[in-house]
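**Student:** The lines below spell out each chain.
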Amino acid sequence: MADFDWPWEYNFPPFFTLQPNNETRTRQLTVWNNLTRNYYKHRNQSSLDINEDSPLFCNNALKRRLPTEGRLAVMEHLQGTGHAAPLDKRRTNWQVYWHTLDEWAKIIYDWSQRTGQTNSVCTIYEISNGDNSVGEEFHELDQDVVLKALKLLEEQGKCELMLFDDSQGVKFF
Amino acid sequence: MNRFEYQQAKLAEDEQFVSKDKAIKLYDGDEKTAYEDGEVVLTTHRLFWGRPGEIARGSTTLCLQLQYIVGLDEEVASSFVFGKKKRLILNLRPLLPGKLPGPMENSTAHFVKLSGRHGLDPAFMQAIRGTLEARIWLIPGDASGSNASPSRENAPRIQLRTGIGGIERAIEAKQKATDDSIAIAFQDLKALMAMAQDMVSISKSISSKIRERKGEISEDETVQFKSYLMSMGIDDPVTRESFTSNTEYFKSLARQICEMILDPMEEAGGMMSLADVYCRVNRARGLELLSPEDLLNACKFLDGPIKLRTFPSGAMVLQLESQDEEIIAKEVGEKVEEAKSLSVEDLAKILGISILLSKEHLLAAERLGIVCRDESIEGLRFYPNLFLR
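Heads up: the protein sequence lines correspond to chains A and B, in order.
Sequence positions in the first sequence follow full-length UniProt numbering and run 1 to 173.
Sequence positions in the second sequence follow full-length UniProt numbering and run 1 to 389.
Mixed in with the good hints there might be a few duds.
To be verified - Here are the simulated distance ranges between beta carbons:
# : chain 1 : residue 1 : chain 2 : residue 2 : range
1 : B       : ALA339    : A       : LEU62     : 12 to 20 Å
2 : A       : MET162    : B       : ILE377    : 38 to 46 Å
3 : A       : PHE4      : B       : ARG309    : 41 to 49 Å
Since the hints were derived computationally from the structure, they do not count as laboratory data.
Every residue, glycine too, gets a C-beta built ideally from N, C-alpha and C.
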């Protein structure tokens with residue numbers, strides 16, 4: 001995996017302190033927002049544990065780590081822009097979406113139209129890991145994320161989710 | 001009886017009347033005498049016997065110097081006619097030289113008796129006992145006691161060192177010593193206050209000399225001298241006593257603080273913490289010290305070139321009206337920029353201000369978005385705000 005391209009802020013110590021000045025903090029959180037999304041896209045991951053000292057939150061070379069309330073602020077900022085959602089009530093486990101679910105839904109639907117899958121049924125595994133999706137952004141995307149995106153499409157009347165024995169299928173319209 | 005003298009019944013200069021009794025008969029030893037039904041008068045120095053009215057007229061009467069009496073006894077006489085009555089026996093010492101002539105020149109008896117027709121008045125007996133114990137006739141400079149025996153006068157007074165009495169006396173002595181030293185200490189304080197007055201007058205005379213000799217000493221020296229004078233004191237501190245209302249007091253106090261602190265304030269960069277102001281003001285006042293509350297209240301009345309300012313953190317400072325937060329913040333920003341990052345202590349050192357002020361400056365710069373903070377286990381540091389560029 002190619003080295004991640006850290007932004008300059010990552011090497012700026014105040015980046016790891018939640019700034020009390022509102023304007024500064026907004027700017028800081030925006031940078032964190034972008035960084036987190038890019039980092040997770042780079043790693044192709046979507047689950048995040050706030051208490052885990054991942055390289056994202058800890059710059060060991062700088063000896064700085066974002067404190068818990070800072071991490072929570074970052075995640076809440078991501079949630080605000082639709083790029084993350086908490087998985088538990090204590091808000092320690094999060095799902096990160098480097099595209100918002102709306103965007104994902106649109107990307108997947110466009111792909112299905114483009115590849116002529118209308119009115120045919122495919123499994124969710126086929127969408128995220130199938131031969132047809134190689135090279136697409138959602139290839140190897142977390143299946144939970146794909147499912148959430150498809151649920152959005154279903155609400156819009158663009159597909160129908162079906163329950164199989166052990167996995168789920170979808171029919172695009 | 002031969003110890004009695006003829007003397008005029010008249011009090012000597014330091015002699016005082018003590019008591020008297022009536023209807024008294026004198027005995028020489030056990031023998032009755034012709035001196036019956038007389039009056040006796042006891043003074044601090046002598047005992048007079050005279051016929052009724054004689055003593056009151058001040059005529060010559062029989063008189064016994066009390067110094068002759070060495071002891072008292074009582075005797076109870078009983079008879080069928082009179083019933084029981086007490087007599088007083090005065091035991092006498094041998095004749096002393098220089099005795100004035102008296103009613104009886106020779107006598108073998110060494111005591112006399114006083115006997116009243118109805119006994120002796122108990123109050124009189126009590127008085128004669130007390131007077132004998134007091135020995136007032138021994139006090140020198142006493143006319144009638146001039147021939148008092150010197151040996152008695154010089155009887156050594158034995159100092160008691162033991163027992164409860166001794167302990168009490170020691171405690172008393174200690175208390176007295178403490179009292180004395182406190183008195184001396186207060187004398188010192190008075191001296192100090194007097195000296196302070198002198199200091200003020202010296203400072204006044206120096207300042208007037210500076211005014212006279214303008215030009216003879218260099219400008220620099222003048223300035224320095226003036227600053228010394230400022231530190232030396234205010235010659236007329238505003239005190240609470242001279243005001244009837246608190247508001248008036250605080251207002252004039254505020255005026256004085258303003259006058260006094262203006263120059264140091266400019267030197268300090270236009271802002272001083274209240275603690276600094278408190279020290280400066282009280283040093284200048286010398287003895288009429290201000291309480292922190294009074295200072296704070298006075299500062300609330302400040303108007304004019306200096307004002308009281310409370311930071312969001314609660315810290316209070318006096319600052320010049322001309323002092324602009326944005327200008328300071330910009331300056332602080334420049335310092336931070338130069339050094340890449342600064343802690344509160346670093347900035348305090350660079351600007352020569354107190355830590356409290358340094359922190360307030362940095363927080364102000366942070367509020368304006370000029371610097372941003374870095375809190376870590378190494379402490380709080382401030383960086384140029386690169387986020388907003």
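**Student:** Take the hints in turn and mark each one as holding or not.
**Tutor:** Hint-by-hint comparison with the structure:
no. : hint                               : result
1   : ALA339(B) to LEU62(A): 12 to 20 Å  : holds, 18 Å
2   : MET162(A) to ILE377(B): 38 to 46 Å : violated, 55 Å
3   : PHE4(A) to ARG309(B): 41 to 49 Å   : holds, 48 Å
Hint 2 alone, counting from the list given before, is not met by this structure.
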